[in-house]
Amino acid sequence: MARGEPPDWALPSWDAGETGAGRTAGQPAGGPSTRGLFGSGPAGTFGLRILQVSEVTRAVREAVRQDERLREVWVEGEVGRVTVSSAGHAYFTLKDERSQLACVFFRDDRLASPFEPRPGLRVVAQGRVDIFETQGVYQLYVASVQPAGFGDLALRFEALKARLATEGLFEVARKRALPDRPRVVGVATSPSGAVWHDIQNVLRRRWPLARVIFVPCQVQGEGAPASIIAALARLGRFADQREAAGRPDEAPQVTILARGGGSLEDLWPFNDERVVRAVAGHPVPIVCGVGHETDVTLADFAADVRAPTPSAAAELVTPDRTELAAALAAIERRRQALALGRVGGALRDLGQERRALDRLHPRSQLAAARERSGLLLDRAARVVHDRLAAGRSGREGLAGRLVPAVGGAVGSRRADLERSAAALRALDPQATLDRGYAIVRRAADGRVVRAPVEAPAGTPLALRLARGELAATSGSGPSTPP
Amino acid sequence: MTTEPEEAALADLTFDAAYAELQRTVAALEAGGQPLEETLALYERGVALERHCARLLRDAELRIQRLTERAGGALEAVDVSPAEDEPPA
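Sequence lines, in order, name chains A and B.
One gets my numbering by counting positions in the first sequence from 1 and adding 33 to each.
Position 31 (the second sequence) corresponds to 14 in my numbering; numbering is contiguous.
So that you can see chain B by itself, here it is in the shape it has in the complex (with noise of 0.2 Å):
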């Protein structure tokens, strides 16, 4: 299938542009006006990057990072431990 290409490069996109990339394939099968092969690439494109988004959406650990201050003004975020507790300010 012509797909297959574009679907190995799936797992690296990122829920936005997946997502965005959704959007815009049921733009074009609601336009309509393809052929029934493009018609049915564009479901199966639509169906995979749905669950693409959906195994995001499930799998997806939140990313807590703290702003730190180096020397010179550089600031710099760091991972900080979800478990880890803040200390008393």
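Isolated chain A (complex conformation) (with noise of 0.2 Å):
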């Protein structure tokens, strides 16, 4: 109140039954009904006597709690600092482009609420409004804090997904195929906390063949959009700068973004749209992680990729390694053969030696493991389908179209490896040779000998059979073709 005006506390004509002098219910001042008042004083010092602080901010008092409007207030706003007393009171400003509110939040109903009032939300923040006599300040004594608008942020996600949407920025068209082995992973994640250890972990456990480049950046709280976006560049910039030094093969193939389980509010800066664009435009194949199964986010929908979780993204931009070192086993296993190929109709009879190879082919195991990841992403899609379907626009299918391409993507990985594994098995010769054939070869040169003319009579020879070798010599006398 700046000096010079008329007091506050000046009785307004209306209020002079219920308050004593000194001690009212002060409107704010500067109404005309105010100066009119002390018009009708005699000698214009009516009333006039020299305070107390404390009878000033008890008059204020009492006019707040006379104020039925600010009994039962429900405010909207965005909260500024925090901080909570040793007694366990959380104390915090509410504000708004013009102004600002103090607020206590008391320990019990603190402690008993499951929202948690933090720099940056925005609440709704339900109390009453009292003042602080020993302080003389007015504040909000709040009784339940929840975050502010869940119907507003549903509103602004969906109505800011329908616009990226019709730009085509979620066009499965647009997803790009993740390398089946990436030589270097870029990852853009917080440094602290688990997120950033597990990924490393499922990278090393995986496919250790990569070298993984880490961009740290903050993914929560207000600075996170930029800082991601600022993160997702950076990967940009190397690739550009390795591409100029003439080492395109050092910057990442792919990119994992990706960020712990959160609130609606924790997971936002997901749905900046600086940061959805940022994600479409990215120079390589990204791959989203944010969150739990649960979480969605428009960082997911913009990405080649959504994974249910960051552990889940890194598996899905590796293969594993264990599984393709189980299919070259199968292999080596059988490494004593010699190439036999197609000689007379053996092939015919390789079929049978195949199918039993087969059964004891860790295929069983592919097969889980491909399950494993199949009920993964059926999990996402489901999900996916259940936030669409839930929200008011949310009928594109998206999800729905999202999610096979992963799975195409990992099968036939798979598929491929398990293919070659099983040519290679279907052309060993050992299982020929294991029916009694034989390969004879010139001890000299190692030439195998296919009509007598190449072994005269006299010939040193090395029988190739099912289990050794076995020396031998040619004899005389015409022979005659198999």
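The set of hints was computed from the structure by calculation and includes no laboratory data.
Idealized CB from N, CA, C, for every residue including glycine.
Some hints could be false.
[As the list claims (entries may be wrong)] Only part of the chain B face toward chain A is listed, based on derived beta-carbon distances under 10 Å:
| hint | residue |
| --- | --- |
| 1 | Asp(-1) |
| 2 | Glu44 |
| 3 | Leu45 |
| 4 | Leu50 |
| 5 | Glu59 |
| 6 | Val63 |
[As the list claims (entries may be wrong)] Label-pair restraints from in silico Cβ distances:
| hint | chain 1 | residue 1 | chain 2 | residue 2 | range |
| --- | --- | --- | --- | --- | --- |
| 7 | A | Ser118 | B | Gly55 | 45 to 55 Å |
| 8 | B | Glu21 | A | Val486 | 16 to 26 Å |
| 9 | A | Glu326 | B | Ala10 | 38 to 48 Å |
| 10 | B | Gly15 | A | Val486 | 24 to 34 Å |
| 11 | A | Val486 | B | Gln17 | 13 to 23 Å |
| 12 | A | Ala476 | B | Asp42 | 33 to 43 Å |
| 13 | B | Ala10 | A | Glu487 | 23 to 33 Å |
| 14 | A | Ala477 | B | Asp42 | 32 to 42 Å |
| 15 | A | Asp282 | B | Ala57 | 13 to 23 Å |
| 16 | A | Glu191 | B | Gly15 | 56 to 66 Å |
| 17 | A | Thr327 | B | Gly15 | 47 to 57 Å |
| 18 | B | Asp62 | A | Asp467 | 43 to 53 Å |
| 19 | B | Ala14 | A | Pro485 | 26 to 36 Å |
| 20 | A | Asp467 | B | Ala14 | 21 to 31 Å |
With the hints as a guide, dock the two chains, each given alone in a separate frame, to form the complex.
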């Protein structure tokens, strides 16, 4: 209240009956009625005595308490600084563009609340306005706090999603396939917390042939969108610089953008339009693993692949080396074999061996792994689908298109390997040798002998049998072809 | 054997290169039509390639680097030891 103005506690005429001198329900000063009131007093000093500070405060308090509008209020605003006293009470400010409001959230209410006010969040606080006499301040005594406008956020989510969808940002045609076996993987996530470690562990276990290029970024709070965008941009610039240096293979072929679970507000940076655009415009395929399976963000939609969790993102970008190794080992076990290829009609008989081998092969392991990842993707698909169904305009079937593409990529990678292994097994000549065929070679130069003329009488021969070699010498006399 | 110079080069092959050659080898074997010696050589090459791949899978160690910005905006990937804990943001 500025000096020189009539004091607040001056009695408005309509309030005079209820209050005593110096203790009054003052209304905001400056109204014409207030001036009129002073004019009516004798010699301009009516009611003007010197007050105690506490009298003023009490007068304001009474005024506030009598205002029914302030007894129960719901206030929406952005949370400013929050301090928690040693007693467990939280003190924070709520602000909008023009003003701010001091709030106190007492320990018991605070502990009972499922939601904690944190700086930068928009919340709705419910409580009463009252005066804290000791400090002469008015504040909101908060009874409960909840995130502002779930409805509002959902509206913004859907509106932005619809707008970006019409731009084609989420088009399936835009989705790029992930590299089968990336040599370099970019990771953008928070350097602190479990997510980065989880990702490292998955990559180390599954695909340690890769090099990981880590770009730390802030994934929560007001600065998060800018930080995420900067991290992705750095990866892009790094790729450009490597390209310019003639070493494009040193830049990541795929990028993981990840964040652990959290509240809707915590994940909100991933619904920031700038972040969504940065994800969509990233120069290499990008896998988004934000939150838990049930969390869906617009960045997920813009990514080439959505992973249900950060760890799943790391799994999706890498092949499993143990699966590759198992397939390779199946062939290595037959290494004693020599190639017999397509001698005579032997190939027809190979079918039987092949089927037997197929049964022995750790295909069941591959199938189980495929099933596991399939289930995971199914779950993700269901979640996305449910979320979309819950949204008012989420009927594009985006998730349904997104997820089969992922399953296809993973499945085809495994299928590729499987085909290679099976083909080599089919061609493995050991099976033919096992049935009693032999390969005859000249001991001197190792040449395979096909006709008697290639091994005149007395030529030392090496016979490859199913189990080992046998030395022999060519005899005399004509032979007939088999 | 004619495969020896190729085998010597095998150790330098990246996993991708070895794996791609393995797939080509298998495709060639499946297509057939080679003389027996060549079939033999292809098969043995295939096995060698597979062993090389398996060795790479077994022995590889994940390398972690962090992108660091130098003066002038040049970005450099700097090795981070796996044991090294990241400082809190």
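Review point. In ascending order, which of the hints set out earlier in this document are inconsistent with the structure?
Key: Failing hints: none at all.
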